[in-house]
Amino acid sequence: MDIRIGYGVDIHRLENGSSLRLGGIDIPSPYSTIGHSDADALIHAICDAILGALNKRDIGFHFPDTDPEYKSKDSRFFLEKIEGLMKQNGYELINLDSTVIIDSPKLQKFIPEMIDSISRVLNTSAENISIKATTAEGLGPIGENKAIEVRVVALLKRISD
Numbered sequence: 173m174d175i176r177i178g179y180g181v182d183i184h185r186l187e188n189g190s191s192l193r194l195g196g197i198d199i200p201s202p203y204s205t206i207g208h209s210d211a212d213a214l215i216h217a218i219c220d221a222i223l224g225a226l227n228k229r230d231i232g233f234h235f236p237d238t239d240p241e242y243k244s245k246d247s248r249f250f251l252e253k254i255e256g257l258m259k260q261n262g263y264e265l266i267n268l269d270s271t272v273i274i275d276s277p278k279l280q281k282f283i284p285e286m287i288d289s290i291s292r293v294l295n296t297s298a299e300n301i302s303i304k305a306t307t308a309e310g311l312g313p314i315g316e317n318k319a320i321e322v323r324v325v326a327l328l329k330r331i332s333d
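Heads up: the sequence shown begins at 173 in the numbering used here, then just goes up one per residue.
Quick caveat, the hints were computed from the structure, so don't treat them as lab data. Here the structure is a predicted model, which is why all the values come from computation and not from measurement. Be aware that one or more of the hints could be misleading.
In silico EDC-like cross-links for lysine to aspartate or glutamate, where the CA-CA straight-line distance does not exceed 20 Å [what the hints assert, rightly or not]:
{"#": "1", "residue 1": "253", "residue 2": "237"}
{"#": "2", "residue 1": "318", "residue 2": "187"}
{"#": "3", "residue 1": "278", "residue 2": "288"}
{"#": "4", "residue 1": "329", "residue 2": "255"}
{"#": "5", "residue 1": "245", "residue 2": "255"}
{"#": "6", "residue 1": "304", "residue 2": "285"}
{"#": "7", "residue 1": "304", "residue 2": "288"}
{"#": "8", "residue 1": "281", "residue 2": "299"}
{"#": "9", "residue 1": "329", "residue 2": "269"}
{"#": "10", "residue 1": "243", "residue 2": "230"}
{"#": "11", "residue 1": "245", "residue 2": "198"}
{"#": "12", "residue 1": "304", "residue 2": "269"}
{"#": "13", "residue 1": "304", "residue 2": "321"}
{"#": "14", "residue 1": "304", "residue 2": "198"}
{"#": "15", "residue 1": "278", "residue 2": "316"}
{"#": "16", "residue 1": "228", "residue 2": "255"}
{"#": "17", "residue 1": "228", "residue 2": "264"}
{"#": "18", "residue 1": "318", "residue 2": "198"}
{"#": "19", "residue 1": "253", "residue 2": "239"}
{"#": "20", "residue 1": "281", "residue 2": "198"}
{"#": "21", "residue 1": "243", "residue 2": "187"}
{"#": "22", "residue 1": "278", "residue 2": "187"}
{"#": "23", "residue 1": "259", "residue 2": "230"}
{"#": "24", "residue 1": "281", "residue 2": "269"}
{"#": "25", "residue 1": "253", "residue 2": "288"}
{"#": "26", "residue 1": "329", "residue 2": "252"}
{"#": "27", "residue 1": "243", "residue 2": "198"}
{"#": "28", "residue 1": "253", "residue 2": "264"}
{"#": "29", "residue 1": "245", "residue 2": "230"}
{"#": "30", "residue 1": "228", "residue 2": "174"}
{"#": "31", "residue 1": "329", "residue 2": "299"}
{"#": "32", "residue 1": "228", "residue 2": "252"}
{"#": "33", "residue 1": "278", "residue 2": "309"}
{"#": "34", "residue 1": "253", "residue 2": "241"}
{"#": "35", "residue 1": "278", "residue 2": "321"}
{"#": "36", "residue 1": "253", "residue 2": "230"}
{"#": "37", "residue 1": "278", "residue 2": "198"}
{"#": "38", "residue 1": "245", "residue 2": "187"}
{"#": "39", "residue 1": "281", "residue 2": "321"}
Could you build all of it, start to finish, from the sequences and the hints given here?
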């Protein structure tokens with residue numbers, strides 16, 4: 173069986189705002205992410221993890237932030253395109269394991285909705301998507317509510333012929 177693993181990381185600065193875009197949903201928050209697209213750090217890290225497993229570079233290579241077409245773009249668009257690339261290359265998702273690091277807001281009650289959003293785009297069972305949330309315990313830019321970081325591991329397998 174041909175199995176591949178990929179690792180993705182994304183970090184975005186935070187600014188004062190009213191909602192945080194994460195996992196394809198809007199979460200009430202005193203902070204918003206700063207970025208070229210919708211700055212969804214979770215979906216960006218998932219994209220990079222899948223692309224890494226496929227050995228297909230990274231999200232910035234496929235969707236450069238210098239291209240005005242992607243300005244304010246819903247990151248689920250990127251994930252949908254990468255899901256198509258995964259299938260085109262003969263792979264399917266076994267599972268994703270994600271960790272979101274942010275001190276505020278608390279994310280636990282939003283995790284089921286994020287899992288549902290991501291599993292629908294990836295055409296996979298919600299059981300294949302793991303999202304965990306933790307804090308930086310007040311340390312560094314994440315602990316000072318100046319940034320959010322997401323780390324993702326993706327496991328893919330070759331689709332049987």
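Results for each hint:
no.	hint	in the structure
1	253 <-> 237	holds (16 Å)
2	318 <-> 187	holds (7 Å)
3	278 <-> 288	holds (18 Å)
4	329 <-> 255	holds (13 Å)
5	245 <-> 255	holds (17 Å)
6	304 <-> 285	holds (13 Å)
7	304 <-> 288	holds (14 Å)
8	281 <-> 299	holds (17 Å)
9	329 <-> 269	holds (15 Å)
10	243 <-> 230	holds (18 Å)
11	245 <-> 198	holds (14 Å)
12	304 <-> 269	holds (8 Å)
13	304 <-> 321	holds (12 Å)
14	304 <-> 198	holds (17 Å)
15	278 <-> 316	holds (14 Å)
16	228 <-> 255	holds (12 Å)
17	228 <-> 264	holds (15 Å)
18	318 <-> 198	holds (18 Å)
19	253 <-> 239	holds (16 Å)
20	281 <-> 198	holds (13 Å)
21	243 <-> 187	holds (18 Å)
22	278 <-> 187	holds (17 Å)
23	259 <-> 230	holds (17 Å)
24	281 <-> 269	holds (18 Å)
25	253 <-> 288	holds (18 Å)
26	329 <-> 252	holds (18 Å)
27	243 <-> 198	holds (18 Å)
28	253 <-> 264	holds (14 Å)
29	245 <-> 230	holds (17 Å)
30	228 <-> 174	holds (17 Å)
31	329 <-> 299	holds (16 Å)
32	228 <-> 252	holds (15 Å)
33	278 <-> 309	holds (12 Å)
34	253 <-> 241	holds (14 Å)
35	278 <-> 321	holds (14 Å)
36	253 <-> 230	holds (13 Å)
37	278 <-> 198	holds (13 Å)
38	245 <-> 187	holds (19 Å)
39	281 <-> 321	holds (19 Å)
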